[in-house]
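**Q** Go ahead and model the full structure; you've got the sequences and the hints to work with.
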Amino acid sequence: MTMDNADLRAVWLTLQLAGAVTVLLLLVGTPIAWWLSRTRSRAKGAVGAVVALPLVLPPTVIGFYLLVAMGPKGPFGQLTEALGLGVLPFTFAGLVVASAIYSLPFMVQPLQNAFETIGERPLEVAATLRASPWDAFWSVAVPLARPGFVSGAILSFAHTVGEFGVVLMIGGNIPDKTRVVSVLIYDHVEALEYMQAHGLAGAMLAFSFIVLLTLYTLNPRAVRNVS
Amino acid sequence: MKARMLRPKVTVAESKTMPDNGNGIMIAVVMILSRGNTLRHIRLTLSALLAVLTFAAYADEVLVAVAANFTAPMQQIAAEFEKDTGHRAVLSFGATGKFFAQISNGGPFEILLSADDETPARLEKELLAAPHTRFTYAIGKLVLWSAQAGYVDARGEVLKSGRFAHLALANPKTAPYGAAAIEAMKKLGVLENLAPRFVQGENIAQAYQFVASGNAELGFVALSQVYKDGSITSGSAWIVPASLHAPIRQDAVVLATGKNNRAAAALMDYLRTNKARAIIKSYGYEF
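Chains as they are written, first to last, in the working numbering: chain F, 1 to 227; chain H, 1001 to 1287.
A portion of the hints provided could be inaccurate.
Each pair of labels, with its calculated beta carbon distance range [to be verified]:
hint: 1; chain 1: H; residue 1: ALA1149; chain 2: F; residue 2: GLY84; range: 24 to 32 Å
hint: 2; chain 1: F; residue 1: LEU144; chain 2: H; residue 2: GLU1192; range: 24 to 32 Å
hint: 3; chain 1: F; residue 1: LEU53; chain 2: H; residue 2: LEU1191; range: 37 to 45 Å
hint: 4; chain 1: H; residue 1: HIS1132; chain 2: F; residue 2: LEU8; range: 43 to 51 Å
hint: 5; chain 1: H; residue 1: ALA1079; chain 2: F; residue 2: PRO31; range: 52 to 60 Å
The following residues of chain F were derived to be distant from chain H, with all beta-carbon distances above 10 Å [unchecked claim]:
hint: 6; residue: PRO54
hint: 7; residue: PHE76
hint: 8; residue: LEU85
hint: 9; residue: GLY86
hint: 10; residue: LEU129
hint: 11; residue: TRP134
hint: 12; residue: VAL140
hint: 13; residue: PRO147
hint: 14; residue: LEU192
hint: 15; residue: LEU205
Hints are computed from structural coordinates only; laboratory data are not their basis. Remember, predicted model here, so these are calculated numbers, not experimental data. Where is the CB? At the ideal position from N, CA and C, for every residue including glycine.
**A** What follows is the structure, given as structure tokens:
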């Protein structure tokens, strides 16, 4: 097992990416999960299906559509260019957005389950105590849904670390920007640098096992709900 | 009557498309026998059967690993090959380096059409390829290409202008066209300036995709990807002079797994025919 400087930089970049995606998903995923757990709207099924799409779509499909949509000819690319952000493929920000889309169900589904488990009752009680919905959400729902937040965050983080296909499609393999561990392992294998590939791949295997072990020990129920 | 006489022939042709030759023959025999009552029919049946068996004896499949840059010409050659010989070439496209890793770990490929000459030589040295089968099936050309018309000038001066954000190329560590691009930029003295703008495709097909989608303004791709019958198919391009990089010799080799496959030998011969060479040439390769 050997790891050189380039390997360590890829590890650091991967951790930054996974961290940024997890934070972004906590911000975006929470309201979606909350809405899904409370709504009686007919759109619930459709929204739930869209959220779950990355579970079944091959990463190549997501990567390909993102490359086209976020490119200078795509609608999303034209929007980001109009906003002065430039186009997102080949950038760290682009990877964050793409990975967040790809890992969305891993945040939303545990959260939605946790919110649904709470039921109406505690929130009704909070309302009778004159708590505003906003207040009730923060002081009742969030503490009660803590296991969901923990599972969602751990799974999103781990899933982003393990992501490969989407990054390969839109990353461009740029050191310190888009060359994450999974892509670098692929590079090493292709270049027949099996020793270096072993170093990173072994570390990845150990990391993934520890994450899942932690999750199964801490919160076995939430894991079952996702899978 | 005429239509009837033609029928067994149709049956023969049908058996060609059956995935398994054994089953194909069985079905053909059953179909023919169920029809033939008179002596005349039996004679016809026998000759048809003979034709089926003869065909089956020659029709083999060969699994070919094809370097990504050779995708389009090889698809065309494989179709002609099947038409002319009855053998079927099953194609798999990708980066040469990846194929090497797969072949050395027991991959099932029987022929490698490499993007370089080193990989086949190495396979032969490591006894993974059949000896004395290597030959250069094409010499590739590197091209600087943009999907926008008028973006790349006829002398590649755009590289020095540096007025772009992304320059796509294939991974130079694993793809010969990527290595050739690095060599050319080094000779032009622009490598250090441009390196921060590199976006690397896993293979030459992905480099092309980055440019074609407009995400990279320009990039180094294989001429075969943007050239057909004497001209650039879209956008603008500069064919990098051969003096700026070592020639990209693309060698073919029969792998150890394909040593006894007649279809493999037939395909290697077919690649040298004038018909195949005309196709290869039409995509801008040389010999």
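**Q** Of all the hints numbered above, which does this structure not satisfy? Sort the numbers upward.
**A** Violated hints: 2, 9 and 14; rest satisfied.
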